[in-house]
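Starting from the structure of chain A, add chain B where the hints point.
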Amino acid sequence: MADHAHALEHGLETSTGLDNRKLAIWTFIGSECLFFASLISNFLVHKRTWPSGPGPFPHDAWVSPSGQHFEPIIEIPLVTLGTALLLFSSLFVVLALANAQRGNRKGLLLWLGLTLLCGFFFVGMQVYEFSHFVHKGLTLKSNLYGASFFTLTGFHGTHVTLGVIWLLTLWIEAFRGKIPPAKSLNLEIAALYWHFVDVVWIVIFPVVYLIQ
Amino acid sequence: MATTALDQQRGHATAGHAEPTGLWSWLTTVDHKRIGILYGATAFFFFLVGGLEAILLRLQLGSANNTFLSPELYNQLFTMHGTTMIFLAIMPLSAMFFNFMIPLQIGARDVAFPRLNAFSYWVFLLGGLFLNSSFLFGAAPNQGWYGYANLTSRQYSPGMNVDFWMLGLQILGVASLAAAVNFFVTILNMRAPGMKMMRMPMFTWMSFITQILLLLAFPVITVALILLMFDRFFGTHFFVPSGGGDPLLWQHLFWIFGHPEVYILVLPAFGIVSEILPVFSRKPLFGYAAMVFSGAFIAFLGFGVWSHHMFTTGMGPIADTFFALSTMLIAVPTGVKIFNWMGTIWGGSIQYRTPIYFALGFIAMFIIGGLSGVMHSSPPADLQQNDTYFVVAHFHYVLFGGSIFALTGGAYYWWPKMFGRMLNEGLGKVHFWLMLIGFNVTFFPMHILGLNGMPRRVYTYPEGLGFETLNQIETAGSLILGFSFLVFLVNIVLTWRGPRNAPADPWNGATLEWAIPSPPQEWNFAEIPTVHGRDPLWEMKREHGGQVPEPARVSGQGIHLPNPSYWPLVSAIGLMVLMVGLMAASLVGPWGVVAGLSVLFIGVFNWAFEPAG
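Chains as they are written, first to last, in our numbering: chain A, 1 to 212; chain B, 1 to 613.
Extracted from the complex, chain B is given alone in its bound form:
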């Protein structure tokens, strides 16, 4: 019966257990570690693209009345810079660590739904390519990453620019939602024996809260994008005032998604920093429970602050007061976190290795970004700062100074585990200092420029307003920042040529991912561990008198692994063809949509009837 078929599959899968190689094995992989690496490589590529866009923007702004970029190209570049960094860089870089680290941290052999995981990645990859293919048509999105109505209406954006943006985001939303369901279930259901919720590593905890945010925020942007699509493709007037629609409805829907999205970007970073600081301070995380609950509280409040993005729309004193107070309240749990991080390193025996440099840099930069955030939580102050470079400075301090610093620190921290190689410490520290200096030189002067009234999103500025010098300095800073990532690339290439030299536990780690070989074998844990506390590996080491023997690589005989599958890729391609078909409906009629739906159905049906292994 079914059981016999299953046993045959198992026997087949466990026969050899040689790590499969080649392109086909990557296209059909359902291994969370490989999918994590795919996420990381793709997201880092998009991060470099988004960074290049930023440098082009800075070159344009380096001098007054510059004509390096046309206004039209400038609009496309700043829109794509924001969209790329949020949806194609920071979110998937976090997803890289979700994929690679969550199963290892909770002691699982894979995620709950390995094929759904592959589907998420392929949809993300194709969505990213779809969005960026707009450049080939000279029609990259040009209305800003927030896509405010009326900029997005047919009347004001007749071209394909907005179509690429709204359909691209819709595709990426599918990827995020599928991944969120997967990781939510994985974290709740796949924990090793003894890994209670309140024993989970902080990165897993913050990732868990992030999945809840994704599950609750993305449906709202999905609906907003559907309404926009109906406006643009089917002639409705949801956001078109001439037809009775209300452009402000878009802003509400967008920011009900958009503000939780901010915490989707930064909570994983909080988690990474909470992993790095204890390990390099040789002390358990200070205030574990307070860290968990402050994270949850931030996420909860994150759904009640969206209108602080809309103070200038004139919502009236009651709404303004409510959203100002709820926004200020978020500083409290965030402050709890910052004090707990300081409590963690306080009195610790700090090991000055590259990851903790980035973690400490994160705390310092994030505090600056947090403080300017509290400043414009006050509506009168916000009325002055809205739409100026002050806001640009603020969100770069939280997203670059916050998320990117933590993610880069996470890359240095987990690199040995992911690839079995130690990154060069010297180059790592050069990277850190160049990044810290370049970052502050680029973004700190924006506070001053903003308060002096320089507006954002405008391709140039006239002479004689006193904007020239600071802009020049910022452009120089952006080049230093770009250069710092070249150092990172050199570090990667150099260490890649070297041998696999990383031990299982190079940093004296506390969590389960350091208990297995680097890089982990396909099945992660030869034997599923039993957990007795919050720092399982430290406890194991204590029991063994300070050290545990290097874990051996085993043959994996008899370990059950899921089968590879290409149906997730086929389904993702179907979704993609559907979106291209929608876009090309004026040229090819309904056939593109029909073809996409057919491929999608074939993919999903075969997936459903394929034995999972």
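Isolated chain A, as found in the complex:
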């Protein structure tokens, strides 16, 4: 609201009444949907391409044509924990925004800090998972399952990492007292991006980990 008044005062009222930056992030998110849709399709096309190379598969033990034996490698409990924390972080960032809009700096720092912790955990989980998979013999090169798994989850992880950097920047700004209620839109835009990254994971999690 304060930002709206600010825009009015400067004669910058928009035609739709929606702030330019907010409309832009929604537009960008719309475009990103096609980006992840393409990566997810690519994964679905390739996830059962079994004889494409030696390497483990997610849910089943497998003996390659050359006689190598591979154990299933996916660790659903760990990823479920990561997923849950990522979902909670969406709630936390909403609470952070509510505090920012009310001008409660302590609440903002607390909830945004918790959001960041969840983000850090998720990225850390993915780093662990990737190195675990490589250790077990699944790499980009080993087969098409590996290639499309790492590309899909890797690009999602990159998005999470960028979101963490963005939110961390805002946390530091908030710590320095530079996010008054009038500038809470800065956080709202980052939060929209963060929610989007979460929603994409809600699609990726069942597609990659749960559906066999």
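These aren't lab readings, by the way, just hints derived from the structure by calculation.
On a predicted model such as this, the values are computed, not experimentally measured, just so you know.
Watch out, some of these pointers could steer you wrong.
Footprint (simulated), chain A over chain B, 3 or more residues, beta carbon under 8 angstroms [said to hold, decoys possible]: (1) 173-185; (2) 189-199; (3) 217-223; (4) 238-246.
Residues on chain A that point at chain B, a partial pick, calculated with CB under 10 angstroms [unchecked claim]: (5) Asn20; (6) Ser41; (7) Asn42; (8) Val45; (9) Thr169.
For glycine and all other residues, C-beta sits at the position ideal for the given N, C-alpha and C.
What follows is chain B alone, placed relative to chain A:
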């Protein structure tokens, strides 16, 4: 607090308002009009480069068994001709008009994100230079603009040629996406009071639909290029059959982007023609709403026809039927547009000035291209025509006869507004007739050659197949076509030497860009106009008894303008270093990538924390 800082900035910016000059002012500009001119100049340069490549190709094909070009060089030239014309000429020439005209047409002082706009331009410029720098290494892309697997695999293209192409396109995609977000928001959010969506000028409407296509099509090619990059750099097998991959996946991903791309190239042209015809017929655009919805329908259908590029891959009767029908369906909204253009000039008081020549030439040529398009929407016919010169004829009739004719007409139409000078009418008409004749002499015989079985993309042909005469005629035509653009250049140089003679409204225009001085002042509108109808300037003139007084140039005191910034340029350079670093990773290790990412982050961070003004 923040407000005081803002006020200081504003005070600083509004103090003098002398138009800044010099190289630095262009490097740091965030003015949509200057960025538009930069887009136009760069794109026209690349257009001439692409044209020169085409003439070299035609010289090679002028006679049978010719050895003017080696097969390897021929491959590089036809690949770069296509890539250049699509990504470095037609798209950015449209972007020139998006930049310059959309804010003026909707009554805004700038785009929604001026610095993002500058970023788009710099990324486009550097991407174009990156792509063309491949010639310096003798390694220009040589696999065709469509980059089909397996031609692009490490096994069959071990050199840097494909790397230049895939990374260059990735860079250009960033520019297009950033610009698309910007113009989508600008058109939705920056309209003057009373400028409802259904009152927007048709060029703005078609540009709006183009931005939606860009937003939805470019992410797909981004992913396709990422997968190709992983194949080439990191040893995956997405498109490599020996590793279980499927080359056809590339074709699907490419054409899901590639067919909407066709409408990205031609919808702005539809918009330009829809601006020119009413003004020079002295009649409002016929069927405004039908024009809007047919444009939207074309764009919607454009996402459901991609596989008509793939009939010869054997998709089976159901897929073939679906894509044939959806393709034929596109002729319906396109026909609606053509009839509406004819309805616009019907009974009008037609003023025979240069822009309408190009607009009428556009309609005639585009119909021919459209008809041959409907011909190969039928799979059995397509099986005969695929990979022959018939297809080359078709897409040159829609892209040259369509887009380039309209863009050239747009250049003549908007030149006075952009530069304050009228282009010479006589030379303009010479340009038109030479272009029309040269174009048809070059491309019409390709229909016949194609139906007679001459394959595309092959550097020569043997004697005695009956291909010689028509090819000779085509080569002569291409020289006429090239010459016509020399006439255009002469026109530009001659009028550039003359005084700034253009009035604000030389053509009796209907839209808001003609309501302000030529060239516009930095802030466009001294006072933001209020709009009451679809042809605001015509309505204003009617109220004033036929004419409005020439708008005065004002001091601009108190008008708020965004500050110039060099961070968009720094960020664009960072992206560029990142791509060069990826390419040179075998030589310098990860350091190029690290350096690029660092510069990019420094650029983006400083941009984010810089007061926008």
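A quick look at each hint next to the structure:
1. Using a Cβ-Cβ cut-off of 8 angstroms, 6 residues of the region 173-185 of chain B lie near chain A, which meets the minimum of three, so the contact claim holds.
2. Counting residues of the region 189-199 of chain B whose beta carbon lies closer than 8 angstroms to any beta carbon of chain A gives 4, which meets the minimum of three for the stated coverage.
3. With 6 residues bearing a CB less than 8 angstroms from a CB of chain A, the region 217-223 of chain B meets the requirement of three and the coverage assertion stands.
4. Residue count for the region 238-246 of chain B with a Cβ under 8 angstroms from a Cβ of chain A: 5. That meets the three needed, and the coverage hint holds.
5. For asparagine 20(A), the shortest C-beta to C-beta distance to chain B is roughly 4 angstroms, which falls under 10 angstroms, so the interface hint holds.
6. Proximity of serine 41(A) to chain B holds as hinted, the smallest CB-CB distance being about 9 angstroms (cut-off 10 angstroms).
7. For asparagine 42(A), the interface hint holds, since its Cβ comes within 10 angstroms of a Cβ in chain B; the closest pair sits about 7 angstroms apart.
8. Residue-level restraint check for valine 45(A) holds (minimum Cβ-Cβ distance to chain B is 6 angstroms; threshold 10 angstroms).
9. At about 8 angstroms, the closest approach between the beta carbon of threonine 169(A) and any beta carbon in chain B falls short of 10 angstroms, and the interface hint on this residue holds.
The structure fails none of the hints (numbered hints given earlier).
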